[in-house]
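Keeping their order, the protein sequence lines are chains A and B. The first sequence runs 0 to 102 under numbering that gives the first Met the number 0. The second sequence runs 0 to 231 under numbering that gives the first Met the number 0.
Please keep in mind that the hints were generated in silico from the structure rather than gathered at the bench. Every value quoted in this text rests on a predicted model; they were computed, and no experiment measured them. Think of the CB as a built atom: it goes at the ideal place given N, C-alpha and C, for glycine as much as any other residue. Do not take every clue at face value.
Some residues of chain B that are not near chain A, with every Cβ distance over 10 Å (derived) [as the list claims (entries may be wrong)]:
#1 Asn51
#2 Asn56
#3 Glu65
#4 Leu80
#5 Lys88
#6 Ile106
#7 Ala157
#8 Tyr164
#9 Gln166
#10 Glu193
For lysine-lysine, the following DSSO-like pairs were computed, each having C-alpha atoms within a straight-line distance of at most 27 Å [said to hold, decoys possible]:
#11 A:Lys36 x B:Lys120
#12 B:Lys224 x B:Lys88
#13 A:Lys97 x B:Lys88
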Amino acid sequence: MNQINPLEVEDLLRTFTGEEIYVHSEATSYVFVRNFKMKLTQAFTAGEGPFRIALRFDEIGWLRMEALTHYELDAEGRLLLAGYDDRGRMNVALHLGKEPFAE
Amino acid sequence: MSTEPRKLLAVFAHPDDESFICGGTLAKYADSGVEITLVSATRGEMGRRMGNPPYLNRETMAAAREQELREACECLGVKHLHFFDIRDKTVEFADPDQLADRIAGFIREVNPDAILTFHEKWGGHPDHCAIGKATIEALARTGLAIALYFISFGDSLAYPEAYGYTQEEIARIDVSRYKKAKLAAFRAHRCQTEIDEWVWLPDRQAMSRFGDHEYFIKGNKEALKLGKADLF
Numbered sequence: 000m001n002q003i004n005p006l007e008v009e010d011l012l013r014t015f016t017g018e019e020i021y022v023h024s025e026a027t028s029y030v031f032v033r034n035f036k037m038k039l040t041q042a043f044t045a046g047e048g049p050f051r052i053a054l055r056f057d058e059i060g061w062l063r064m065e066a067l068t069h070y071e072l073d074a075e076g077r078l079l080l081a082g083y084d085d086r087g088r089m090n091v092a093l094h095l096g097k098e099p100f101a102e
Numbered sequence: 000m001s002t003e004p005r006k007l008l009a010v011f012a013h014p015d016d017e018s019f020i021c022g023g024t025l026a027k028y029a030d031s032g033v034e035i036t037l038v039s040a041t042r043g044e045m046g047r048r049m050g051n052p053p054y055l056n057r058e059t060m061a062a063a064r065e066q067e068l069r070e071a072c073e074c075l076g077v078k079h080l081h082f083f084d085i086r087d088k089t090v091e092f093a094d095p096d097q098l099a100d101r102i103a104g105f106i107r108e109v110n111p112d113a114i115l116t117f118h119e120k121w122g123g124h125p126d127h128c129a130i131g132k133a134t135i136e137a138l139a140r141t142g143l144a145i146a147l148y149f150i151s152f153g154d155s156l157a158y159p160e161a162y163g164y165t166q167e168e169i170a171r172i173d174v175s176r177y178k179k180a181k182l183a184a185f186r187a188h189r190c191q192t193e194i195d196e197w198v199w200l201p202d203r204q205a206m207s208r209f210g211d212h213e214y215f216i217k218g219n220k221e222a223l224k225l226g227k228a229d230l231f
């Protein structure tokens, strides 16, 4: 995982817009949703680090997360974003893939 | 007397339960020739600790923790390892009937002399309680007379009266000679223990954190018939 570069992340998010995608999203201690399928219409990034990201989907949907610090485009072409604290613990995650994530 | 080695079956929820909670006991029995089979319901893939500094993400965690558990099993002498492939944090939502059946299948196949699992109320995590409850049900389904024990954290059961148990209901295993193996297993679970500085101190200092005993609640009459310093 690399420190978020917002311009690069925006470019990567753009490659998922207009498509049916699968999302894994979590606020680690409280909630996770895996293989949420959506038609992504728009993606936004904001902040100067840690970063905020918001997804518009299916005309009426919002998914917004904050506290994101790291990202990676993995070998399977999935965009993995995560927010870690200063001791390596994950607070939040937002993963986008064009195929379902392992169940 | 049979010449078959004694066998122990441990049914837990996450990689590291076996090391952090009862690693000394597993190492001790493995060293005395007991054949140990460990079942981990999940791969701990929803854990929060991602290494320190972090090198894992949610998608790489399952494989990393599986590998760590394999290494920990080598440190402890656990021979056989199986996963139920249930997603971490969802054991309590798995079909209880199917889960009990799967565990019962393992009990019949392994035919152990003793079973370790979590207490269904004092397990400390929903996955722990769920796998404990399913294991109790599984043993009942087999109808086999096998000693059942519930693992416990640290020295909490040194004075079991505080938890409503008598000394007779507790097995206290002396693990003082197996702290080195336990420490090695802690270190094998690297992504989980990097955050704990004491684990990485020189061996002697790190091992001083471990108690001399691990404690088990006797879970059925077969266990209650046995002594207080042994699981067999």
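Status of the hints after comparison with the structure:
no.	hint	verdict
1	Asn51	4 Å, violated
2	Asn56	5 Å, violated
3	Glu65	13 Å, holds
4	Leu80	20 Å, holds
5	Lys88	7 Å, violated
6	Ile106	27 Å, holds
7	Ala157	30 Å, holds
8	Tyr164	31 Å, holds
9	Gln166	37 Å, holds
10	Glu193	7 Å, violated
11	A:Lys36 x B:Lys120	36 Å, violated
12	B:Lys224 x B:Lys88	35 Å, violated
13	A:Lys97 x B:Lys88	25 Å, holds
Of the hints listed earlier, those the structure fails to meet are numbers 1, 2, 5, 10, 11, 12, in rising order.
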